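S.K.: We have chain Y; now place chains D and A onto it with these hints.
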Amino acid sequence: MNISTITEQYIRERLTKGVRENGRGMMSFRDINLEIGKIPNAEGSAEINLGNTKVLVGIKMDVGEPMRDKPDEGSIMTGAELLPLAHHSYDAGPPSAEAVELARVVDRGIRAANIIDVKKLFIEEGKSWNVFIDLYVLNYDGNLFDSATLAAVAALYNSRMPKYEGEKVIREGNLEKLPIGNLATSCTYAKVAGTTVLDTDGSEEDFADVRMTISNDEKHVRAMQKGLGGAFTPGEVDKLVEASFEKSKELRKIIQGTRGD
Amino acid sequence: MKKIVLPGDIIADKPLRLDHTIVEEGKTCSTVIGMFDEAAGSLIPLEGLWYPQPGEKIVGIVEEAKLNTDVITLNAPYKGLIISKFSETSMVNGDIIEATVKELDKTGTIILVRPRVLYGGKVLAIKPSKVPRLLGKNDTMIRQITDGTKASISVGMNGLVWVKGGNSDLATDAIIRIQEESHVSGLTERIAKMVGSTGQPHQPQPQQQG
Amino acid sequence: MGNSANKPELIIDGRRLDGRTPEQLRQIKITANPIRNAAGSAFIEWGNNKILAAVYGPREALPKHTQDPNRAVIKCRYTMAPFSSLEEHGRPGMNRRAIEISKVTREVFENVILTDLFPGNEISIFIEVLQSDGGTRAAGITCASVALAASGIPMRDMPFAVSVGKASDTLIIDMNKIEDNYSNADMPVAINPRTKEINLLQMDGELTPEEVHRGLEMIQKAGETITKIQREALKAPYEKVNEKYKASI
Chain Y
0 MNISTITEQY IRERLTKGVR ENGRGMMSFR DINLEIGKIP NAEGSAEINL
50 GNTKVLVGIK MDVGEPMRDK PDEGSIMTGA ELLPLAHHSY DAGPPSAEAV
100 ELARVVDRGI RAANIIDVKK LFIEEGKSWN VFIDLYVLNY DGNLFDSATL
150 AAVAALYNSR MPKYEGEKVI REGNLEKLPI GNLATSCTYA KVAGTTVLDT
200 DGSEEDFADV RMTISNDEKH VRAMQKGLGG AFTPGEVDKL VEASFEKSKE
250 LRKIIQGTRG D
Chain D
0 MKKIVLPGDI IADKPLRLDH TIVEEGKTCS TVIGMFDEAA GSLIPLEGLW
50 YPQPGEKIVG IVEEAKLNTD VITLNAPYKG LIISKFSETS MVNGDIIEAT
100 VKELDKTGTI ILVRPRVLYG GKVLAIKPSK VPRLLGKNDT MIRQITDGTK
150 ASISVGMNGL VWVKGGNSDL ATDAIIRIQE ESHVSGLTER IAKMVGSTGQ
200 PHQPQPQQQG
Chain A
0 MGNSANKPEL IIDGRRLDGR TPEQLRQIKI TANPIRNAAG SAFIEWGNNK
50 ILAAVYGPRE ALPKHTQDPN RAVIKCRYTM APFSSLEEHG RPGMNRRAIE
100 ISKVTREVFE NVILTDLFPG NEISIFIEVL QSDGGTRAAG ITCASVALAA
150 SGIPMRDMPF AVSVGKASDT LIIDMNKIED NYSNADMPVA INPRTKEINL
200 LQMDGELTPE EVHRGLEMIQ KAGETITKIQ REALKAPYEK VNEKYKASI
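Residue numbers (numbering that gives the first Met the number 0), protein chains in the order written: chain Y, 0 to 260; chain D, 0 to 209; chain A, 0 to 248.
Next comes chain Y alone, as it looks inside the complex (with noise of 0.2 Å):
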């Protein structure tokens, strides 16, 4: 029994009555601050504020061998740490289910839309580039999967290809950009006592019944996620899904934004 319980109440009490924290819509994102290049160490990165909840992603490449399925493409590795400096309840130690399903989930996304053009990444016979996306959550108030997959992809999109020559690694100097095959964004929903919701924040995913991520790009849905243990009705992912494409034209927006060109 703690001070949740009893934020509980009150949030419940609210949203029965529509309302959200600082006037917030039910189908609004909270502030989204995209900085990019904050780790100039990295091939790419990108540190997003949502609210506040703080997500820095780095991109890394090394040159390594291509999947045995796929011998002519590079490869993605997605990672995420829910880091014990972000919350109280954050143990060091291997790595949560929560934060397994939050690498995956943001993974399938970038995957499953092409956003990196991995064809581009073979280099030779038993060589390819090795994408590696670290998710680093600094801050949790949540919606982790949205701040992730935005800073994700906003990392990739202003991130160098290193170049391989002569067995060496090339990591700075007059660099082209990683080859970029599409953009997708996600939007997670959930449903809070009854409500359902855009972009929860902490003390609202705290009492969430039920959640959606849906991923999407200009035309198609590239992924989705259900999570917690409550349910959807098929009317109910419909009208999701239709929200998604709307909402994702901001955010997709927003990451073009970033880059100059």
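It should be emphasised that the hints constitute simulated quantities derived from the structure, not laboratory data. A quick note: this is a predicted structure, and the numbers were derived from the prediction, not measured. One should not assume that every hint holds.
[Said to hold, decoys possible] Derived SDA-like pairs (lysine to any residue); straight-line CA-CA distance at most 20 Å:
#  : chain 1 : residue 1 : chain 2 : residue 2
1  : Y       : Lys16     : D       : Thr72
2  : Y       : Lys126    : A       : Leu61
3  : Y       : Lys37     : A       : Arg58
4  : D       : Lys126    : A       : Glu238
5  : D       : Lys163    : Y       : Val18
6  : A       : Lys63     : D       : Asp168
7  : A       : Lys176    : Y       : Asp208
8  : D       : Lys126    : A       : Leu116
9  : D       : Lys78     : A       : Arg58
10 : A       : Lys102    : Y       : Gly92
11 : D       : Lys78     : A       : Lys102
12 : D       : Lys101    : D       : Leu80
M.R.: Just chains D and A now, with coordinates in the frame of chain Y:
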């Protein structure tokens, strides 16, 4: 002259009996970031923790109601304990209560007396170092808020604040603003303006889906 | 990495590779309280190092067997992000180096935090290196010191840390990554500015007794600058709010 001091700063070349200081080699040093007033001989921490004193009021949440004792969460590095046989108030887990500190024992447990259950409302956690400012001299600041918003408010010295009824959203905003601007002069006037006796309703506009 | 065959000349005409003099620190910038969830936090940009430190607690020490009935226990975790270096992708989490740095950092703060005020509790210090360019343990300690002060946890003093190294025969303060790779010695030190106590001292390489003595003097001198930057970072938020209202008063 008031000035900001930091941990380790020497504030007097002689030993002083002052909270939040230590005496080393005959000199008095601050142990916290705080506002030191040399003339008044006071050091008020700007950040941080609550050091319970007998007689102080707290707001807490019943963590474990047992037959003989109730364990109270105080959002502090101490646990509260109510010995039920001395108290006629019956509580269940999750109740919000206010109570008075009787003593702090060596194991970090606070014995609480005179509990009262607070029904409904919500609990805010603010920095304990800001509580004196929230109350104001002779409770002037907090009275200003309750008068302006008609909300019922109970302030615990441990930094938990219970708010219910009236325009509790406006009261909450005012409390958070006091926390953030506690050391800036003219705060009382700004809060007066904010909660105003003009009776301006401050309701976040409900918004429709989509 | 440290390949003596193509070792670069670290000092030419009294200047280092990045143009600094032997006694010159890199640029240091500290911001207090970037992490809202923490009791106190700080972000330090020290040359190309970028490091976050955050403090949680005092809170009940868990698991219970770690509790000390007489004082708070201090827990410290130093880790490096896998994307933090200009070289290949690293492994997240703790390796042997990180475990050792976490331990010596914890011991720095055990000497300054007034732990006996919080029996049964723990104070957790997290240091996350987001970008590294040599001297991260010293920068991490300097940063954690600010995070602790910002949390209001009582301390006897506010330590800073910096390392001194040796390039050819010259002592140089605050080595960056390349200097660290090719230097003849490295000695990171943490000091309490008021009491002058040394809370951390590690050293490897080769130094004469005289060089150790001179190195410690250089560190104390550099400490004056570092301490000043730490203090300004802590005071800035208070002065900023004052500025905001100066116009309206």
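S.K.: Work down the list of hints and note, for each, if the structure agrees.
M.R.: Here is what the structure says about each hint:
1. Y/Lys16 to D/Thr72: 30 Å, violated
2. Y/Lys126 to A/Leu61: It is violated: about 47 Å lies between the C-alpha atoms, which goes past 20 Å.
3. Y/Lys37 to A/Arg58: 33 Å, violated
4. D/Lys126 to A/Glu238: Holds, because 19 Å separates the two Cα atoms, which is no more than 20 Å.
5. D/Lys163 to Y/Val18: Given pair D/Lys163, Y/Val18 holds - Cα atoms ~17 Å apart, limit 20 Å.
6. A/Lys63 to D/Asp168: Violated, at roughly 39 Å.
7. A/Lys176 to Y/Asp208: 49 Å, violated
8. D/Lys126 to A/Leu116: Holds, because 18 Å separates the two Cα atoms, which is no more than 20 Å.
9. D/Lys78 to A/Arg58: 10 Å, holds
10. A/Lys102 to Y/Gly92: At roughly 17 Å apart (the allowed maximum being 20 Å), Y/Gly92 and A/Lys102 satisfy the hint.
11. D/Lys78 to A/Lys102: 29 Å, violated
12. D/Lys101 to D/Leu80: At roughly 10 Å apart (the allowed maximum being 20 Å), D/Leu80 and D/Lys101 satisfy the hint.
Checked against the numbered hints given earlier, this structure breaks hints 1, 2, 3, 6, 7 and 11; the rest are met.
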